[in-house]
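Asker: Here is how the chains run, residue by residue.
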Amino acid sequence: MTREAVVEPVLPEGWELVVGCEVHCELATATKLFCGCRNGFGDEPNRNTCPVCLGLPGSLPVLNEAAVAFAMQLGRALGSTVRGSVFARKNYFYPDMPKDYQITQYDQPTNVDGFLELPTGARVTIERAHIEEDTGKSTHVGGSGRIHDASYSLVDYNRAGVPLVEIVSAPDIHTIDDAKAYVAELRAILVTIGVSDAKMEEGSMRVDANVSVRPAGSDELRTRCEVKNINSIRSLGRAIEYEARRHIDLYNSGQAPRQETRHWDEANGRSTSGRSKEDSEDYRYFEEPDLLPLDATADEIAAIDDAMPPLPAGRRRLLTDAGVDAASAVILVDRGHDHFAAETIRVGGEAALVARHLVHNLPDGPGEVDPAALAALVEMESTGALSSTQAKTVLAELAASGGEPSAVAAAHGFEAMDTGELEGILDDLIAAHPDEWTRFVEGDRKVQGFFVGQIMAATKGQADGKVVNQLMQARLAG
Amino acid sequence: MAERAIGLATAVRAGDRSARSVVESHLAVIAEREPDVHAFNLVLADRSLARADEIDAIVAAGGDPGPLAGVPIAVKDNTCMRGVPTTCSSKILGQWRPPYDATVVQRLHEAGAIAIGKTNLDEFAMGSSTENSAFGPTRNPLDLDLVPGGSSGGSAAAVAAGFAPLAIGSDTGGSIRQPAAFCGVVGMKPTYGAVSRYGLIAFASSLDQIGPFAADVADAAALFEVLAGHDPLDSTSIAEPAAQVSGVLDRGVEGLRVGVISELSGAGIDGIAADVQDRTRTAADALGAAGALVDEVSVPSTVFGLSAYYLIAPAEASSNLSRYDGGRYGLRVDGANNEAMNVASRSAGFGDEVKRRIMLGTYALSAGYYDAYYGKAQKVRTLIRDDFAAAYENHDVLLSPTAPTTAFPLGDRTADPMTMYVNDVCTIPSNLAGHPAISVPYGVGASGLPIGVQVLAPTRGEAVMFQVAAALERTMA
Ligand SMILES: [Zn+2]
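Sequence lines, in order, name chains X and Y.
As numbered in this note's numbering, residues 1 to 478 make up the first sequence, in order.
As numbered in this note's numbering, residues 1 to 477 make up the second sequence, in order.
It is worth saying that the hints were derived from the structure and are not from the lab.
Hints are supplied without guarantee of correctness; some may be wrong.
As the list claims (entries may be wrong) - Okay, the calculated beta carbon distance ranges per label pair:
1) X:Y92 with Y:G255: 53 to 61 Å
2) X:K199 with Y:R82: 36 to 44 Å
3) Y:E339 with X:F41: 23 to 31 Å
4) Y:D250 with X:Y92: 50 to 58 Å
5) Y:G255 with X:D305: 51 to 59 Å
For every residue, glycine included, the Cβ atom is placed at its ideal position computed from N, Cα and C.
Please model the entire structure based on the sequences and the hints provided.
Answerer: Have a look at this one:
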């Protein structure tokens with residue numbers, strides 16, 4: 001899952017989007033939240049079960065302290081107040097929930113009042129991040145694939161009792177890009193602190209979007225719909241846009257959406273109506289009598305803060321402060337290549353070139369190149385000792401087998417062409433293509449690329465494109 | 001009543017008596033009287049004989065099978081025993097066989113006790129007469145026309161009838177102590193968390209405790225010591241080691257401060273029968289004569305206990321019993337879809353009292369009613385704890401009747417649930433507070449039926465509670 005550069009789909013004039021996200025993340029503990037069963041993905045169905053996670057009569061939950069520690073770490077990474085908490089039962093009947101109640105946190109969650117700073121600069125309030133158990137996984141066979149018209153259903157309880165954190169944002173998100181950036185940023189944090197693998201495609205990170213619209217400039221909160229079954233960041237964008245447009249169309253035709261849960265259908269690019277919130281169930285929350293209230297001591301919280309690794313926002317800031325552009329910084333941090341980039345810059349590599357090589361030419365990481373070698377390569381390139389094409393070739397070899405950039409360049413016979421030689425080639429080209437040259441002189445900058453390309457072909461890529469450009473500009477000025 | 005557990009275990013451990021002969025003699029009593037009493041849902045004859053042979057082999061090999069070696073014990077049928085049908089006296093569980101042992105079952109096994117059968121109860125432990133059983137009522141062995149009390153009526157009756165020297169029950173609002181009083185045996189509810197609930201099929205999780213039945217206080221103490229102790233599988237289990245109580249039984253009550261709870265002894269609550277009040281007073285006087293400092297003490301909020309209990313217990317039960325939905329085990333009645341199957345299974349599987357309490361509890365937790373009912377009941381619970389704390393500032397133990405009346409005839413109170421609920425008025429406060437309490441048989445009432453006197457103690461006060469109970473028992477001798 002990488003962040004995609006997308007063109008923001010624009011809502012019709014006069015409307016503003018209002019989105020809040022509920023994100024469920026499975027915590028990457030070795031065992032489940034209330035029993036010793038393995039917390040694993042993809043195992044044979046119902047293999048990782050016991051009396052507790054099957055909710056058998058007489059069984060009792062015992063809290064997994066590792067899950068609590070992970071949740072508290074996440075809370076601190078989100079700038080939350082981490083505090084003592086109480087587990088509650090959320091009562092409702094569903095076949096994939098063995099006890100027909102879910103153990104969750106209700107009015108006293110572990111984490112409250114956090115926030116997330118997006119790369120765009122937007123700040124999203126995180127109301128709470130609470131601990132709860134996952135349900136089993138149902139597969140409804142027959143009909144539409146949903147429970148109401150299925151012929152039968154299969155339930156895999158391997159997932160039942162897997163620890164989750166549910167992260168609830170305020171309705172602070174007003175563009176589709178920000179919604180996507182929010183989820184991407186959350187994922188980056190989860191992965192950075194190592195509490196979840198946060199894979200949307202495997203369901204270890206699940207995003208529900210509460211979507212509404214309002215007239216631009218207003219601060220009202222209109223009826224929202226909760227869109228579920230969103231399986232990727234791309235789907236999130238599509239689902240929000242679809243839902244927002246649906247609401248706007250309803251308002252424009254004098255109607256209003258009704259509050260409900262909707263099911264995103266990725267294949268058909270639309271959402272369908274689910275449970276209506278008006279006849280929604282009363283979950284009859286009450287304190288879970290089988291578990292004790294949970295403490296969060298100042299010492300525990302201090303220890304978490306001390307052990308906190310650098311978080312994505314801070315890591316991006318480190319790069320931009322060193323001269324890397326914001327977009328590259330996002331990519332480098334997402335890929336985890338930011339530390340290498342910062343180190344290369346520190347030993348003298350020019351920030352823009354370092355970032356460009358890492359983003360475009362080393363998407364899988366630096367391989368055998370060390371920061372000093374990349375810095376040296378970038379130096380050769382910026383002084384014109386290597387053309388950018390040559391630099392790319394040398395870099396590929398360095399990444400694969402290491403070595404000194406100058407030695408690798410020499411082995412390839414890469415030497416900077418002298419300017420006089422290039423002037424001669426340019427003279428020949430102008431003579432051969434007088435019409436194109438006239439267009440260039442008259443200001444058609446597009447033909448510049450034609451001349452650069454011709455020179456590259458003539459020199460078998462040894463010319464430095466930058467130098468060629470300079471020569472052409474010099475002739476114009478002259 | 002037959003032989004006592006401690007004597008039997010001593011003889012078996014010494015090799016003076018075989019566990020097989022102990023089990024056989026109890027099976028013989030069961031064969032004779034069980035058809036009338038119906039204490040058991042299931043008698044584990046073959047299984048207990050096989051276990052007796054194992055114990056005899058251990059003794060023969062010079063080993064020690066444990067403090068309850070060879071002692072038959074009746075186990076309330078809401079306690080999970082691996083591979084043995086565990087029904088809660090409900091149709092909804094069908095012939096469900098737990099794949100695991102309750103912690104107490106494990107502990108009993110390790111102590112050498114032999115589970116001789118699963119005893120009848122009010123369905124899911126909801127009731128005070130053992131008439132709410134899907135498998136028919138248990139009768140009081142002292143008079144077959146009378147109820148044995150409940151919900152652990154089968155366990156109380158089993159000890160009273162001599163089917164087993166020991167039994168375990170569960171006590172949510174008095175379900176051990178009240179039937180013990182009705183059947184003339186000792187029954188004790190431990191401090192909440194003293195005995196593991198792992199494997200006890202939940203009725204009301206914040207109130208349920210497993211505890212012992214025995215013919216006398218010493219046996220009850222010995223059984224309590226086996227049952228109690230920290231269990232990592234129960235988060236509400238007390239971390240500290242349980243109190244050792246057998247050693248204090250002979251200490252007497254010289255200088256101990258005993259408070260008779262005025263609200264539960266006639267003054268505060270209507271319906272405490274005159275003979276019950278009499279015997280409680282006699283017990284207090286006897287303790288005074290034995291050297292205790294006895295006075296009356298007011299624990300004012302105990303009068304609200306019953307009302308609070310009948311909100312908290314059903315609320316928790318409504319959630320605990322949700323899992324019986326026909327989907328995974330037990331009774332399934334098919335329906336057009338999943339929800340219809342849930343409804344049909346639950347409608348057919350639960351009895352009236354269980355349904356009544358699920359409805360009560362669901363209502364008490366509902367949005368808009370929570371604060372007025374469940375929330376307020378929790379406040380009463382705090383108040384009761386505070387009042388007890390005040391009473392224990394200058395008392396070591398408290399005293400009250402166990403039940404307002406002696407055993408009543410079968411069918412006498414089934415028509416009006418409220419008259420049945422009142423049975424628990426003296427026992428409920430200890431559950432709400434999480435405190436230990438024990439019912440000691442203390443003579444008979446006007447109709448010649450046994451009356452129990454209850455000794456209450458603060459949290460983890462089992463030692464002083466047993467000390468006073470043993471002294472009280474001696475005043476009868
Ligand atoms: Zn499990």
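Asker: A separate judgement is required for each hint: does it hold in the structure or not?
Answerer: Status of each hint after checking the structure:
| no. | hint | verdict |
| --- | --- | --- |
| 1 | X:Y92 with Y:G255: 53 to 61 Å | 56 Å, holds |
| 2 | X:K199 with Y:R82: 36 to 44 Å | 38 Å, holds |
| 3 | Y:E339 with X:F41: 23 to 31 Å | 30 Å, holds |
| 4 | Y:D250 with X:Y92: 50 to 58 Å | 55 Å, holds |
| 5 | Y:G255 with X:D305: 51 to 59 Å | 55 Å, holds |
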